[in-house]
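> One letter stands for each residue in the lines below.
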Amino acid sequence: EADIYQTPRYLVIGTGKKITLECSQTMGHDKMYWYQQDPGMELHLIHYSYGVNSTEKGDLSSESTVSRIRTEHFPLTLESARPSHTSQYLCATRDSATTGELFFGEGSRLTVL
Amino acid sequence: GDSVTQMEGPVTLSEEAFLTINCTYTATGYPSLFWYVQYPGEGLQLLLKATKADDKGSNKGFEATYRKETTSFHLEKGSVQVSDSAVYFCALSDRGGSNYKLTFGKGTLLTVNP
Numbered sequence: 018e019a020d021i022y023q024t025p026r027y028l029v030i031g032t033g034k035k036i037t038l039e040c041s042q043t044m045g046h047d048k049m050y051w052y053q054q055d056p057g058m059e060l061h062l063i064h065y066s067y068g069v070n071s072t073e074k075g076d077l078s079s080e081s082t083v084s085r086i087r088t089e090h091f092p093l094t095l096e097s098a099r100p101s102h103t104s105q106y107l108c109a110t111r112d113s114a115t116t117g118e119l120f121f122g123e124g125s126r127l128t129v130l
Numbered sequence: 091g092d093s094v095t096q097m098e099g100p101v102t103l104s105e106e107a108f109l110t111i112n113c114t115y116t117a118t119g120y121p122s123l124f125w126y127v128q129y130p131g132e133g134l135q136l137l138l139k140a141t142k143a144d145d146k147g148s149n150k151g152f153e154a155t156y157r158k159e160t161t162s163f164h165l166e167k168g169s170v171q172v173s174d175s176a177v178y179f180c181a182l183s184d185r186g187g188s189n190y191k192l193t194f195g196k197g198t199l200l201t202v203n204p
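In the order they appear, the protein sequences are chains G and H.
Throughout the first sequence, residue numbering follows the numbering used here, covering 18 to 130 in sequence.
Throughout the second sequence, residue numbering follows the numbering used here, covering 91 to 204 in sequence.
Treat the hints as calculated values from the structure; they're not laboratory data.
Heads up, the beta-carbon is just placed ideally off N, CA and C, and yes, glycines get one too.
Treat the hints with caution; some may be incorrect.
Stated by the list, open to error - Just a few of them, taken from the derived set where beta-carbon distance is under 10 Å, the chain H residues facing chain G:
1. G99
2. V101
3. T118
4. P121
5. S122
6. Y126
7. G131
8. L134
9. F179
10. L182
11. D184
12. G195
13. K196
14. G197
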């Protein structure tokens, strides 16, 4: 079972602020993912990484950016938050040796006023 | 491309009722199939999985069988409890290349009343 931590769990900020959502894992998994979950529950892949210095955009276009300087960390940054960015953001990891299952953090719920 | 279609909710049941949440998929090759559960205010947790045709995944009284002929992976439980109230996601794992991205259904909200 993966240990994956997301901070902050909840964040309320004003428009135009820069924010970074942190995601850390202790299992040494190579692959990491960011999903955006809308109020209707549907999940959208916005970023993923195969390993250090590897990042790719997901299926849903997002104004956020990510970095992967260390295996353990996969932070997501919004340079200038807007109300349309209000959502739940879920980080996940995957062990290359398993059958494809993802391990999820508890999520960061962002509200932009 | 790959896709997952699952039963739209919300689904409301009384405690001890029988549950079925339908899931069908479209994929090239032979994907692995999963059911995830999301309790209120939490992230997703793997509920069960199946990696090849005719496999049955089971956990916490839930079951699902990988049916290649009908491209289905329906979730069932014989007697639901209030604590089963959650959102359930069906998903498949793309084995193309080394990407291993998961494709999710839209989720089904289950509410179980006492």
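> Of the numbered hints stated earlier in the document, which are not met by this structure?
2, 3
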